[in-house]
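Novice: Sequence:
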Amino acid sequence: MESLRSFLDRVEQVLPQGGSVTTKKAFGKQELYPESGLFLSSTRLAAIHSEARKDCLRLFHLLFDEFFSPEDCQNAVAFGKHGKVPEGKRVLDKSKVNGILTYVM
Numbered sequence: 049m050e051s052l053r054s055f056l057d058r059v060e061q062v063l064p065q066g067g068s069v070t071t072k073k074a075f076g077k078q079e080l081y082p083e084s085g086l087f088l089s090s091t092r093l094a095a096i097h098s099e100a101r102k103d104c105l106r107l108f109h110l111l112f113d114e115f116f117s118p119e120d121c122q123n124a125v126a127f128g129k130h131g132k133v134p135e136g137k138r139v140l141d142k143s144k145v146n147g148i149l150t151y152v153m
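For the sequence shown, the numbering used here begins at 49 and goes up steadily by one.
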């Protein structure tokens, strides 16, 4: 699976960047669902679905890893339980978290 992920990363680097595209959507990227604002390459999304093997929780975690960096995850929480956030942490971008949840559900 790592070799597939590495290959897809190289393919994405070779593809031209959509500099002349007037919308937020770049060449070779697709939105998770309309109006979500979450874009990733079609090949990457297909690889994520393949790796998830129809396991919704695994799909959520793989998408989460795709849209948030390891540093984001270490220094933040996805949900502030009852408005409480642990000391020294912040809440991740709610629109991204909600977008991923909506897509998976």
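No lab work stands behind these hints, which were simulated from the structure alone. There could be a bad hint or two in this list.
[Stated by the list, open to error] Using 20 Å as the maximum straight-line C-alpha spacing, the simulated DMTMM-like pairs for lysine to aspartate or glutamate come out as follows:
| no. | residue 1 | residue 2 |
| --- | --- | --- |
| 1 | Lys142 | Glu83 |
| 2 | Lys132 | Asp120 |
| 3 | Lys144 | Asp120 |
| 4 | Lys132 | Asp103 |
| 5 | Lys102 | Glu83 |
Novice: Decide, hint by hint, whether the structure agrees.
Specialist: Against the structure, the hints:
no., hint, in the structure
1, Lys142 x Glu83, "holds, 15 Å"
2, Lys132 x Asp120, "holds, 18 Å"
3, Lys144 x Asp120, "holds, 12 Å"
4, Lys132 x Asp103, "violated, 30 Å"
5, Lys102 x Glu83, "violated, 24 Å"
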